[in-house]
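Novice: The lines below spell out each chain.
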Amino acid sequence: MRRFLRLLARPELGALVAAVVIFGFFLAVAPSFRSFAAFSTVLYQSSTIGIVAVGVGLLMIGGEFDLSAGVITISAGLVNSMFCWYLGVNLWAGAALSLAFCLLVGFLNGWLVMRTGIPSFLVTLGTFFVLQGANLGVTKLVTGSVSSRDISAIDGFTSLRAVFAWSFALGAATVWITVLWWALFVALAAWTLQRARAGNWIYAVGGAADSARAVGVPVVRTKIALFMTVSFLGWFVGMHLLYRFNTLQAGNGVGNEFLYIIAAVVGGTLLTGGFGNAFGVAIGAFIFGTTSLGIVYAGWDPNWFKAFLGVMLLLAVLVNTYVKRLSSSAPAAAAPAAGPPTPVPAASGKEGGRD
Amino acid sequence: MRPFLAVAAVAVLALAACSGGGRDATKTDSGGGGNAAGSSGFTVAFVTHETPGDTFWDKVRAGAEQAAKDTGVTLKYSNDPDAAKQAQLIQSAVDAKVNGIATTLVTPDALAGAVKSASTAGIPVVGLNAGIDQYQKLGALMYFGSDESLAGTSLGRRIAGEGVKHPLCVIHQTGSVSLEARCAGVKSAVPGTENIQVNGADDSAVTTTLQAKLAQDKSIDYVVALNAQVALDVLNAEQQASSRAKLATFDLNPDIAKKIKDGQVEFAVDQQPYVQGYLAVTSLYLYLKNGNDIGGGKPVLTGPSFVDQGNIDKILPFTEKNTR
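Protein chains in written order, with my numbering: chain A, 14 to 368; chain B, 278 to 601.
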């Protein structure tokens, strides 16, 4: 019984069950869903959401939000594209500049949240609007239109495409490199959360920032690093979009921030912080990909997709709440990564008190 | 940190050597000439339901701005996709006592009150882009735009002539009346038309959704995209799904113009947004200065104008200047 409860308390379990049920459901109702080609399309769709969702999940475990994560993907691509197009320089230079820009945005998000004490919801809402407006305004100034120009003839395009938007045929299916990157980022995040000291810090700052600070966790540094992780992954997806599609529309990207948050929540991350894990977030993104495309493969009217997504979100939250109650009512049963954060002995050493 | 910055700076400088494919360094400004703003003494408010960042609206605005320059009118541009807020923008133009108002009438019921208060205040209003059936009832003097269902029907007739049975019409914005009207027009000419809804704010989502649809239903023999960016996504999706469906699109941009030239896109239906903006401002100028009534009480159509391999050579340069 205890072991059963312990299993139930794992944050990704509800999501895993849901993923299997939804996947099986579409296998049953949609004949064209039953192919490796369809599966790899689903994986690709999941990866474009899932890569940023890894960062958003970590950030939410750390107790914060980032509403600018959707538009920063487009900002990242636009900075790279327009800088290189306007000055005629190698695209690698633009990609580096864009990375620096995104990390700066992430840093500013984190710094403002920590220094002003304004909730991250508001700070990043501000960043969201600033980026959205700047995307449009700057693109119009530089290109004279509201979409970026085709950059496929500029030096460095082929090598950057190989890094960010490479694909290979596997039978009738196409496998995109974003799927491999996604797997790598999920594994890295999972390792960090479970094995690295930084993982303990993330749970601690999300669960109870004050107690964490009291035992010497560098709260400010951890949270700023989390915001920068999100904007790094946003940059990464932005690079994919740019090098797969060559041009970007400056008004795009809006709304995706919610998909990242939904993936994290469906995957068992608590909105209040301190609880969740990377595999759960990946499963959340996979559920998103399966549902959004499964409905199309089944030949249903995709107008209903959002309604379906909403129901799933509510169910996921219900399951999470239930699981959390179960785990806290069975004191010894909580899995180490999933329980309420306990003071972290590892962190109380030499890093103590400097933040 | 410092060594990293130094390395980055060196790398940027090293890579900053000139490279082809970017902006044409000798490009000259296409604007040119024009009167001083306000030299005619008229101020025109231009209110649209533009969703920021759409290339289509960018051209409407470019046309309006060029017309203001040519006629010496002071142009006050504002936009909001939300109907109630758009009505508020019209109302504030009335309050500011502008000389004329040009507005899109996409949600006639919501805008009726504001348009009426303009007429009451003696400010002439012209409609553009949307509201072809309602503009007279609302009290607007003239109308410049494309008839969306006519445009859809024309496109449908053209592809029906090629023996198309099962076209897919891609709606990229949920709940848009004019996009639905285009698809309904296509369907009226080709009864086998099917609609699909995609998230137009995310190119990878558009591509995968269409890829899934094309894989699920191999009988789709034609895809109708309702804007230029979606059309480019359709090409990606078709390649992924090994679909041989032909592609036609609404609206133009430089990329689509090139694809038409290459034969990857069959044709584009252009409602000439630049002309919509240009005529709306010019007509108000002529009305204020000279009492002119363009269209004689009937709407003035700016489309559908077909762009295909037959006329693309002439039109391609205009798309690059953002006027078509």
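Simulated from the structure, these hints should not be mistaken for laboratory data. Beta carbons are placed, not taken as given, at the ideal position from N, Cα and C, and that holds for glycine. Treat the hints with care, as some may be off.
In silico EDC-like links for lysine to aspartate or glutamate, alpha-carbon gap of 16 Å or less [what the hints assert, rightly or not]:
#	chain 1	residue 1	chain 2	residue 2
1	B	K535	A	D223
2	B	K575	B	E597
3	B	K538	B	E597
4	B	K566	B	D347
5	B	K362	B	D347
6	B	K598	A	D163
7	B	K442	B	D498
8	A	K153	B	E342
9	A	K153	B	D498
10	B	K442	B	D386
11	B	K523	B	E597
12	B	K414	B	D372
For the chain A half of the interface with chain B, some residues (derived, Cβ under 7 Å), not all of them [to be verified]:
#	residue
13	A41
14	S53
15	G101
16	V159
17	S160
18	T171
19	S172
20	V176
21	A178
22	G184
23	A186
24	A211
25	F258
26	P315
27	L322
Novice: Determine for every hint whether it applies to the structure shown.
Specialist: We went through each hint and held it up to the structure:
1. B:K535 with A:D223: violated (60 Å)
2. B:K575 with B:E597: Given that 16 Å is the threshold and the Cα spacing comes to 32 Å, the pair is violated.
3. B:K538 with B:E597: holds (14 Å)
4. B:K566 with B:D347: holds (14 Å)
5. B:K362 with B:D347: violated (30 Å)
6. B:K598 with A:D163: The hint holds at about 15 Å.
7. B:K442 with B:D498: Given that 16 Å is the threshold and the Cα spacing comes to 7 Å, the pair holds.
8. A:K153 with B:E342: holds (14 Å)
9. A:K153 with B:D498: Given pair K153 of chain A, D498 of chain B is violated - Cα atoms ~37 Å apart, limit 16 Å.
10. B:K442 with B:D386: violated (37 Å)
11. B:K523 with B:E597: Violated. K523 of chain B to E597 of chain B sits at ~25 Å, over the 16 Å cutoff.
12. B:K414 with B:D372: At roughly 22 Å apart (the allowed maximum being 16 Å), D372 of chain B and K414 of chain B break the hint.
13. A41: violated (15 Å)
14. S53: Since chain B brings no Cβ nearer than about 10 Å to S53 of chain A, farther than 7 Å, the hint is violated.
15. G101: G101 of chain A check passes; min Cβ-Cβ to chain B is 4 Å, inside 7 Å.
16. V159: With Cβ-Cβ at 5 Å, under 7 Å, it holds.
17. S160: holds (5 Å)
18. T171: Given a least distance of 12 Å, the restraint on T171 of chain A is violated.
19. S172: violated (12 Å)
20. V176: Violated. Min distance 15 Å.
21. A178: violated (10 Å)
22. G184: violated (12 Å)
23. A186: Cβ of A186 of chain A sits 9 Å from chain B, so the hint is violated.
24. A211: violated (19 Å)
25. F258: holds (5 Å)
26. P315: holds (5 Å)
27. L322: Violated: closest Cβ of chain B sits about 11 Å from L322 of chain A, beyond 7 Å.
Against the hints set out earlier in the document, violations occur for numbers 1, 2, 5, 9, 10, 11, 12, 13, 14, 18, 19, 20, 21, 22, 23, 24, 27.
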